[in-house]
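Protein chains: 2
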Amino acid sequence: MKETILNHRTIRKYKDDPIEKSLLSAILTAASRASTTGNMQVYSIIVTTNKAIKEKLWEAHFRQNMVLQAPVILTFCADFNRFNKWCRQRKAEPGYDNFLSFFTAAIDALLAAQNAALAAEEQGLGICYLGTTTYNADMIIDILDLPSDVIPVTTLVVGYPDESPGLTDRLPMEGIVHQEKYRDYEPADIDRIYAEKDNSELTQKLLQENNLETLAQIFTQKRYTKKDNEFFSQKLLEGIRKQGFGM
Amino acid sequence: MKETILNHRTIRKYKDDPIEKSLLSAILTAASRASTTGNMQVYSIIVTTNKAIKEKLWEAHFRQNMVLQAPVILTFCADFNRFNKWCRQRKAEPGYDNFLSFFTAAIDALLAAQNAALAAEEQGLGICYLGTTTYNADMIIDILDLPSDVIPVTTLVVGYPDESPGLTDRLPMEGIVHQEKYRDYEPADIDRIYAEKDNSELTQKLLQENNLETLAQIFTQKRYTKKDNEFFSQKLLEGIRKQGFGM
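As you go down the protein sequences, you meet chains A and B in turn. According to the numbering used here, the stretch in the first sequence is residues 378 to 624, in order. According to the numbering used here, the stretch in the second sequence is residues 378 to 624, in order.
Treat the hints with care, as some may be off.
[Claimed, not checked] In silico SDA-like cross-links for lysine to any residue, where the CA-CA straight-line distance does not exceed 20 Å:
| id | chain 1 | residue 1 | chain 2 | residue 2 |
| --- | --- | --- | --- | --- |
| 1 | A | Lys558 | B | Thr509 |
| 2 | B | Lys574 | A | Thr414 |
| 3 | B | Lys428 | B | Lys574 |
| 4 | B | Lys599 | A | Asp474 |
| 5 | A | Lys390 | A | Thr426 |
| 6 | B | Lys603 | A | Arg467 |
Please keep in mind that the hints were generated in silico from the structure rather than gathered at the bench.
Throw the hints in and build the complete structure from the sequences for me.
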């Protein structure tokens with residue numbers, strides 16, 4: 378386990394070998410053992426292998442080719458639909474049409490996803506999380522026929538790796554851990570915490586390619602711009618409301 | 378790993394033995410290796426062991442005694458504060474004051490939390506997730522001095538177990554997994570999926586204790602009521618806005 382966790386790499390190139398049924402089943406069982414709020418299990422996992430559906434998901438996920446390459450796409454959804462139906466069939470009136478319930482269900486889905494990711498990696502499979510899930514949740518809702526009270530929150534691409542990338546850099550632990558209470562960052566702290574990232578060879582290469590002065594500018598001007606964030610933010614909020622979680 | 382995942386139990390009684398520094402450090406390192414959006418690592422972990430601060434957290438977490446018993450409380454926060462400060466010190470104007478950015482940061486925090494949970498369990502420690510984190514995020518923000526752009530999304534209580542509970546029931550896998558697309562549930566599906574849970578000895582005991590007719594009513598009338606959900610939902614939304622993530 379420890380080794381699996383410490384050796385995690387995001388894989389972006391996959392062989393087209395299928396995943397054995399029993400292996401996929403073990404991954405899904407691992408997902409199901411994660412903690413869930415009140416043991417309500419208010420999430421669902423959609424397993425997509427069909428080429429035509431994957432092509433539609435590929436569109437939703439900004440045409441990232443690994444969605445087509447990898448044999449299995451797992452879409453993890455916050456899901457109060459099943460629980461609400463159960464309540465109504467059991468003379469109970471559910472009160473889960475609110476933001477807190479959406480967020481509770483999203484937590485369930487995300488903890489299950491990380492169990493699935495680690496179970497897959499331990500068996501020699503590679504994974505990649507697709508952040509585009511929340512960008513185009515509305516499209517994914519249509520593609521996967523998600524009913525009211527169900528929203529996709531993350532996606533795992535799973536398959537046999539066709540690349541062996543090195544370990545990704547991380548901030549020093551003092552950068553993300555606080556003792557007892559939050560200790561806010563002074564300018565010198567920020568300089569120290571980000572020094573390695575700011576000065577890495579990879580960063581120098583990116584700055585040249587993008588003709589920009591700092592790595593932070595690559596994030597704010599290229600990768601995650603204010604304009605895009607605000608556009609996709611509104612779309613996600615509308616999706617959450619439309620699926621039945623009032624705000 | 379597989380064994381650790383499959384043997385997960387939520388632990389609600391703890392010995393007061395402290396956690397060795399090197400072990401805690403290994404758990405936090407495991408957390409830091411989880412996938413994060415664009416490798417931005419937009420989360421923080423607050424490690425609380427101080428008795429006085431734990432007593433305040435205990436109030437926020439509905440006075441659940443394990444918050445006092447367990448030696449370590451890990452509060453996982455969605456955190457754009459550090460990243461925004463870095464951007465501003467690097468001639469970049471961050472555009473992360475929106476709901477999508479909050480949710481992105483929450484995903485980072487939750488995947489890291491599940492890595493920490495599994496790393497702790499593999500070393501013989503017990504854990505419990507505290508869903509009360511989102512109920513009283515505003516109180517936790519005050520207690521832990523969380524600045525703007527930082528919101529707690531989940532909490533792990535960690536310590537040596539002082540109980541050995543059995544494995545918790547889960548819905549059959551067909552209840553949470555969908556092949557290719559979502560297949561909505563017919564009444565007969567709900568009956569079949571929930572049969573074991575509806576008819577368990579634990580459920581019969583709870584129904585007698587609560588003088589109610591169905592397990593679903595225990596959820597809707599006792600554990601997670603519409604009134605509570607709506608109250609805490611509004612409070613969470615206000616907290617998210619107040620911390621700087623506009624909606």
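Structure-based check of each hint:
1. A:Lys558 x B:Thr509: holds (18 Å)
2. B:Lys574 x A:Thr414: Roughly 16 Å between the alpha carbons, so the hint for Lys574 of chain B and Thr414 of chain A holds.
3. B:Lys428 x B:Lys574: violated (39 Å)
4. B:Lys599 x A:Asp474: Judged against 20 Å, a Cα distance of about 17 Å means the pair holds.
5. A:Lys390 x A:Thr426: holds (17 Å)
6. B:Lys603 x A:Arg467: holds (16 Å)
Going through the hint list in order, the structure does not satisfy hint 3, though it satisfies all others.
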